[in-house]
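Got chain S; can you put chain B on it based on the hints?
Heads up: the protein sequence lines correspond to chains S and B, in order. With our numbering as the guide, the letters of the first sequence map in order to residues 14 to 173. With our numbering as the guide, the letters of the second sequence map in order to residues 1349 to 1850.
A hint or two may mislead.
Partial list, computed: chain B residues near chain S (C-beta under 10 Å) [what the hints assert, rightly or not]: (1) Ala1570; (2) Tyr1683; (3) Trp1832.
Listed next, the stretches of chain B that the computed footprint assigns to chain S, with coverage defined by at least 3 CB atoms under 8 Å from CB atoms of chain S [stated by the list, open to error]: (4) 1518-1524; (5) 1528-1541; (6) 1544-1555; (7) 1670-1677; (8) 1722-1736.
Derived from the structure by calculation, the hints contain no laboratory data. From the three backbone atoms N, C-alpha and C, an ideal C-beta is built for every residue, glycine too.
The residues making up each chain are set out below.
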Amino acid sequence: MRVNDAVIGAVLLVLSLAVVWHVRSFPTIPGQPYGAALYPFLIGCGLGICSLLLIAKGFRSGIPIVETGQRGDADDAPSGHRPVAFVTTLLALLFYLLFAERLGFLVSSTLMLIALFLAYGVRRVMVVPLAVIATLVIHYGFYKLLKVPLPWGLLESFAW
Amino acid sequence: MDAVLTALQMVFSTQVLLAMAGSALFGLFVGAIPGLTATMATALLVPITFFLPPVPAVAMMVTATAMAIFAGDIPGCLLRIPGTPASAAYTDESYAMTRNGQAETALGIALVFSVIGGLFGTVVLIVAAPALAEVALNFSSYEYFWLVLLGLTCAVFITGDAPLKGMVTLFLGLLAGSVGLQNPAAHPRFTFGSADMLGGLSLIPAMIGLFAVSEILRFSLAPEKIDEFKRQVGSVFRGMGGLMRKYKVQTLRGSAVGTAIGALPGAGADIAAWISYAMSRRMSKEPEKFGSGHPEGLVEAGASNNGALAGAWIPALVFGIPGDSITAIVIGVLYMQNMNPGPMIFINNPENIYAVFAVFVLANLMMLPFGWLCIKAAARVLRAPRNVLMPIILVFCVVGAFAINNSPFDLWVLVAFGLAGWFLEANGYPIAPAILGMLLGVMLEEHFITSMIKADGNPLGFIERPIAAGLAICTLLLWSVSGWLALRRHLRRRQAPAAIAQ
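Excised from the complex, chain B in its bound form:
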């Protein structure tokens, strides 16, 4: 109980509250501007959080991402351009509502159900994380090996349509993560004799490159044109109570599915929104109304993507395995703050964990007033000139990447990963597996080699312990099901042209 009180004291301090308010405004702005994503908001915050104590640092990232995911709905609704990828699933639907003269309702749904989804995810996080941590205390290198492998497998296969491409970026990430001295034999691998590379490629500059520089490169090639939005938005809370009662099943389902998908490594808010929207349509009593400005899908998917944010923190805090690309960055920050994620943190620093929980609750509650303000100011925010913003963000990326280690070499890492991220994305290669591979590579190798030595090279040793065996079965099952699906798709595509030829 003492730990809870200490945690609350830490959170309700002027410094943390100010940091949260500032990052809330920042998150709303970034989320509302098309082309700037919630992940980018986190990446841009890193250089600043680096100079803060752990609790305000985490508070800033939690607040900014929650706000950004909600604010992404605003331009989607008003201009039919999603502000972040997590709003893309239902942009057409909410824009259809705007065309029907129901912009207020659509924005109100985005706000209110984001809060509900976020709070739901937070409750699951608060309940599940400590329980899982208790189990994880007994884990040995075998369990961790399978857990990391399962996480990486999820990252490749859950992202959907391109498992082969996901696998390619995963291997590239693992390869990038294996650079340097950090391996069992402390042999300088792939350093080409450069002293800068002995410590490995720095994670944070790489991530700022992948998630921010790449977006700017993409913008430079093809900026979407944004129409002006002039109309004043009226009362957004009208009718929300009715919707809550009418769609309580959908709200619950969206929040639960979102949280679960968030907790799966590699899949975050954007995939949660797609799946929840599709599910809402399939389970709806009136699926024919979808697409014409029907609130049902908005309720479910809007709750889902904010639920995913909290869900992603479950594996991140308990195992150090990120649930999405945002928590991948967060884990990098936690390591820098000496707040290494893992089950031990729940025993050694419970006050920090409770502080994270409190921050999540507070951030989601703050969304109501701050989000309301942002909707009111939407017309002005959306007019922000992106051709001025993007170059300034680029300079910010460069300075931020430099600030982590004060190393000019990190700037080369930044640019190389920015270019790589842009190229891969333009060719339909998912980025999340790469970042997971880079982050988890060291952990994977350590547990793999330790396990090999312990088992004396006998693969049966990897599945001797019951939990390890269970995780192994899950991993292999995922591999075989995905392989079977790919094979079936391949055969079907073969048959289709043949049938036409006949």
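Pulled out of the complex, with its shape left as it was, chain S reads as follows:
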């Protein structure tokens, strides 16, 4: 996805103004002029100047406001262009973040891998076995060997 620099600049300008405004509320230590606010204030100013330059650059460039699709591959291989796979990847991550604690690692990782394998065009017969095996291997490596407390969730009573 290509976005015109003017749009990015505008968003960053709002961000930098918010930073500069927000740091004014930081407490100061009496008799000590250089506190927690000075450094982020300077960063905010720098970012603000850069975003103004970006806006100017974006206006001059004449590039459309938003352009989907990666650079360079517009002309060849339409099959390589897969917004579905991209959205699935994001949703799978979001799913894991929201439900891993409750469902446990084994369940959520398997589901996540099944969704991703399907979206990435892995052969149908292979999808479930691969997802299960990969999950078990990663679980063994991290939970058993490296002692990372991956959540058990639903399978708490079967924990091994």
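Frame of chain S; chain B shown alone:
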């Protein structure tokens, strides 16, 4: 001398050698698969190295990156797809050699001159780092302030075509680094009342997001198609002696330039390869042969990108300022291992430093047999199904980011930075300045505020000491030259349409 012996004992232990062999295979695999980079290899290793003692942890990262940078040349040569960005500079050249029936020579050059470049960089590291550390012992907050600023400046301006965009990502990185309590007044900044953010945004999950998750997102949108490669590769070492003699100047120049560029903060193996390839062409007696399968540029750039790997460790070990994005991750690991980089480490733990040196030599020597095996197995490695690998790597990223602090909040950091990294990259914003900003932000602020207090707000205090003044001049010079170049480019672009209109 005792320290050297202790270091050798530490390196030549079964645990370290096994770890190196394992990470060598891992590095070769990651490097040879297009879409997986050497930086990603390092990021993926972090959760594992986290559970190891410092020496095997460092050994794994050094070995994996050296192997990955070499292995990136293999698909570039055989399929015209660079395995890592560091091979992109000369992919067309080496593929042209393959088309001329010289695949063996091209792969042999990639292997042999990678080893030479890597060893050259290692020698420079061994000589330069302790000497620099001696100088750095006298540094005060002024020198460190300018040094960090110079490093960040390099990161923005060396990356080349988009200094404005580099500046933007640098400021974003600095801003992300300023979250939390870690500031002179210990005031909770930008935490939005969240207890998770008091300690700041965790560096390692952020880097796994920026360098691994973003790559998977990019792959999900546009996977490059990989053709099958069937032919058996013959003897790769034939003729290498001749090339070494014929191109000794180029080898030396490539190694030296690569090491130097690696040592500059923010610029790593990929930029070293581009610059060395261009330089080789400009200085060549037969520049017309470049592009048609001529070994000269391959020799120079192949040595250069492996030299850069070792060069990047010089500022990383001595000052804690990373020379490239790989060492940015390494520094994060060193802090976790309580092996804080800086000149004091050369005095307090010299055996650890010597162990790093020994690991570098060993890793580069190991490249010969391991690389040879990888070339032999190339046809099989390149057939690895990336649509199966990528989802598994994604789960690995999630679990790895969780493993560092066992904190679910870190997973949000991972995803946010992954998305940000993908978006910025897709719009031509360089990532390296952001990661440098995030890593060095705390250091920059600490030395800046300390210096301000010491100098009582007087800017002249910042340049009273000679080394500080020298660093200040370098920084300001870099700023003014880059500003002048940008202005000239801007004016020229203005004039060009006007001239056409007339």
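Do the hints match the structure? See the list:
1. Because the smallest distance between the Cβ of B/Ala1570 and any Cβ of chain S comes to about 5 Å, under 10 Å, the interface hint for this residue holds.
2. Here the hint on B/Tyr1683 is broken, as its CB sits about 19 Å from the closest CB of chain S, past 10 Å.
3. At a threshold of 10 Å, the smallest CB-CB gap from B/Trp1832 to chain S is about 16 Å, leaving the interface hint violated.
4. Counting residues of the stretch 1518-1524 of chain B whose CB lies closer than 8 Å to any CB of chain S gives 4, which reaches the minimum of 3, so the coverage claim holds.
5. Against chain S, the stretch 1528-1541 of chain B contributes 7 residues with a C-beta closer than 8 Å to a partner C-beta. That satisfies the three-residue criterion, and the hint holds.
6. With a cut-off of 8 Å between beta carbons, the stretch 1544-1555 of chain B has 0 residues touching chain S; three or more are needed, and the interface restraint is violated.
7. Proximity of the stretch 1670-1677 of chain B to chain S, defined as three or more residues with a beta carbon under 8 Å from a beta carbon of that chain, is not established by the 0 residues found.
8. For the stretch 1722-1736 of chain B, the proposed coverage by chain S is satisfied: 3 residues have a C-beta within less than 8 Å of a C-beta in that chain, meeting the threshold of three.
Consistency with the previously given hints fails for numbers 2, 3, 6 and 7, ordered from lowest to highest.
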